[in-house]
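Q: What follows is the residue order along each chain.
There are 4 protein chains.
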Amino acid sequence: MLDALKEELWKLHLMLPKEGLVTWTSGNISARDPESGYVVIKPSGVMYDELRPEDHVVLDLEGTVVEGHLKPSSDTASHLYIYRHRPDINGIVHTHSPYATAFAALGRSIPVYLTAIADEFGGPIPCAGFALIGGEEIGRQVVEHIGQSPAVLLKNHGVFTVGKTARAALKAAVMVEDVARTVHLALQLGQPQEIDPEAVAKLHHRYTHVYGQ
Amino acid sequence: MLDALKEELWKLHLMLPKEGLVTWTSGNISARDPESGYVVIKPSGVMYDELRPEDHVVLDLEGTVVEGHLKPSSDTASHLYIYRHRPDINGIVHTHSPYATAFAALGRSIPVYLTAIADEFGGPIPCAGFALIGGEEIGRQVVEHIGQSPAVLLKNHGVFTVGKTARAALKAAVMVEDVARTVHLALQLGQPQEIDPEAVAKLHHRYTHVYGQ
Amino acid sequence: MLDALKEELWKLHLMLPKEGLVTWTSGNISARDPESGYVVIKPSGVMYDELRPEDHVVLDLEGTVVEGHLKPSSDTASHLYIYRHRPDINGIVHTHSPYATAFAALGRSIPVYLTAIADEFGGPIPCAGFALIGGEEIGRQVVEHIGQSPAVLLKNHGVFTVGKTARAALKAAVMVEDVARTVHLALQLGQPQEIDPEAVAKLHHRYTHVYGQ
Amino acid sequence: MLDALKEELWKLHLMLPKEGLVTWTSGNISARDPESGYVVIKPSGVMYDELRPEDHVVLDLEGTVVEGHLKPSSDTASHLYIYRHRPDINGIVHTHSPYATAFAALGRSIPVYLTAIADEFGGPIPCAGFALIGGEEIGRQVVEHIGQSPAVLLKNHGVFTVGKTARAALKAAVMVEDVARTVHLALQLGQPQEIDPEAVAKLHHRYTHVYGQ
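Chains A, B, C and D supply the protein sequences, listed in that same order.
Going by full-length UniProt numbering, 13 is the number at position 13 of the first sequence; the sequence numbering is gapless.
Going by full-length UniProt numbering, 62 is the number at position 62 of the second sequence; the sequence numbering is gapless.
Going by full-length UniProt numbering, 195 is the number at position 195 of the third sequence; the sequence numbering is gapless.
Going by full-length UniProt numbering, 186 is the number at position 186 of the fourth sequence; the sequence numbering is gapless.
Treat the hints with care, since some could be wrong.
Identical copies go unnamed one by one, so any copy, or any two together, can satisfy a pair.
Unchecked claim - DSBU-like, lysine-lysine: derived pairs with alpha carbons at most 35 Å apart: (1) K71 to K202; (2) K11 to K202; (3) K11 to K164; (4) K71 to K164; (5) K164 to K202.
Don't read these hints as lab results, they were simulated from the structure.
It should be emphasised that the depicted structure is a prediction, and the values quoted were computed from it without experimental measurement.
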């Protein structure tokens, strides 16, 4: 069931190591099928180059496995919590990408020092508090702190990104690492000036309404 | 029309991700055809691995689309502004390459700490002021600050490079990131000494008159 | 003899350069065959892309070469010392991976600043003292300082990781570099807070008992 | 003429971009044929992926081109100077590899903070003074400062490495960047302790007399 979505998720999962966002089996992506409301997610602890489309697990929003021969990601409960509280979101990505996680290690958000941050995120990239892994606590932290940003950092842990599709959430995961790296490099040179909020709003509006095809 | 130039621009565009200068759809290259005066540029928000030669957009210098089935880059007005004010330039590259953009985040130019900077740039790599994206403002900043350098940084934004050909501008984009990285690494160790202007002039003259075939 | 183990070790050796953990001929992996008690190890000073399965050297635990046409790794005596003192370990990896070795250069352990460290290592990654290469001294340092961690740093030198299998030791070598990099990046931004020991214990228990298939 | 040496040099040249030591056309390798005394060197300003074995230039030690349809590297006079003053050397590599060049930018040598430095270099990696490009000045700086090390840094410029063969010089170029990176990362964390000279001598003796096949 949901074979097309599994195939898409498989392709997106392969981009995580290619983009340098994950190591060994870390990280995961899920997608919600808008029609059935079911969620498809990575199986737990599987190497990316051994993952196959049919290995993805299908669950309902309460966590009952609808289909799948493998155990789902240990972040599943948090993904489901986010989907239940954010009907606008159909895709979630979790990584420990190194530069973004360096900010997360300190519980530090990333200010709008770059036009690329204004474009993609529309404001600072927030940082949520620490939460244990395995239950809904991470999901609660994400929902509480992410606001309208497509990305949130998790203290001492890593990154969650969200989007209308899993592909949009993956784009946010790629971009958060990219801007975190540039901001990290800039902070080693001195203190950048934040872009003023009015300019941030204009940049974000143009990027989300005019940019692209 | 201008099929050979589109083909060349397509090849140069593929080098941007290969050289680590761009992320997702960011960055763009344009070229001016010296005969017709028309400008060929990347379409807006297209992934590099999906870009085809025929997707490039052809415009005249006033911004009228002459040929193309896609919307041109949202930096088009600034590219055209540069071409109108710099008849010596037929190629422009724009990136957010991380090390150069770290200097740009701070509005900081890159002094001549390396023979490679003297060779390629002939002096410090200047930094222009902040400008919004979408209109000619970035083009105006570039023209005002770039001088005889093939590269200029844009405050809180990224890099523009120019050249007699798009290939020359791409070379400058690769080299500005390379020297920005080495200078960044050096600045973490201490304060390098600038090469004296007389030596800079000699190095640049040799590189542009003797080096190569 | 032990052809399957040599084949596996060869595949694991090829992952060392692919994962960026070694340079030129540096680094090595060994595995103990649980049945015979023999140890298979990389030959000394061989390039990874020239290494073949049949080039691996087989020794008994006292260092007598049982099979092999090449000289064994110059770290062999230390690998054997570890196997003799840790019957629970059947795989050992040694690298000079850059971020982990930066901590090692300072004789500095890596605290639990990240959930990924709690997950994989269950506590801080310890650092052993300086030892000369060629004899058992490194093995003694490893056994004395590694405790229940799968990884230990060696002052002014590099990293040793251990596991129930060579593959598990390789995973630890990949993860120690990954978390060393993120912690290094975090320390450039400020001082992260350690995860409290109770949470570390819970995370490690979940990762080693629930995570995976 | 010297077709085998050209073929080998071509293969070594291709390793420079693969190992991340050069950018665009920067860097070069030369080799001296021990029988004829002729030197084979990279042509000036040629892209690595366009270089062919037959493009290499053959010169005698005084700089007369013996064979070749292209202009030799603009560092040729310095390579020849080194060969004339160091009959023990038959291979030279020049790069601007980023971490080593960061130390060079500051005119700073690299102390023996790692066993890998003791192994390969047998002591600190020295830094020579600034010299203009094109004549013998760089060669003079190299000969004056390199001593028995296979590598020397050039102030505000880059790296020269030497060896009994071009392959040995390439290994030194790879290793100098590797250790420069790890030392750079260590210096961001604090002040490493140098390995004491007696241990350095023992490590270097073992590496050059026992290590390898």
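Q: With reference to the structure, classify each hint as holding or not holding.
A: So, going through the hints one by one against the coordinates:
1. Taking identical chains as interchangeable, the C-alpha atoms of K71 and K202 lie at most 35 Å apart only when they sit on different chains, with a minimum of 20 Å there against 45 Å within one chain.
2. For the identical chains of this complex, K11 and K202 are neighbours both inside a copy (34 Å) and across copies (33 Å), given an alpha-carbon limit of 35 Å.
3. When the C-alpha separation of K11 and K164 is checked against a cutoff of 35 Å, the pair qualifies both within a copy, at 17 Å, and between copies, at 33 Å.
4. With identical chains, the CA atoms of K71 and K164 are at most 35 Å apart both within one copy (26 Å) and between copies (23 Å).
5. Both within a single protomer and between protomers do K164 and K202 lie at most 35 Å apart by alpha-carbon distance, with minima of 22 Å and 34 Å respectively.
When held up to the earlier numbered hints, the structure conflicts with none and fits them all.
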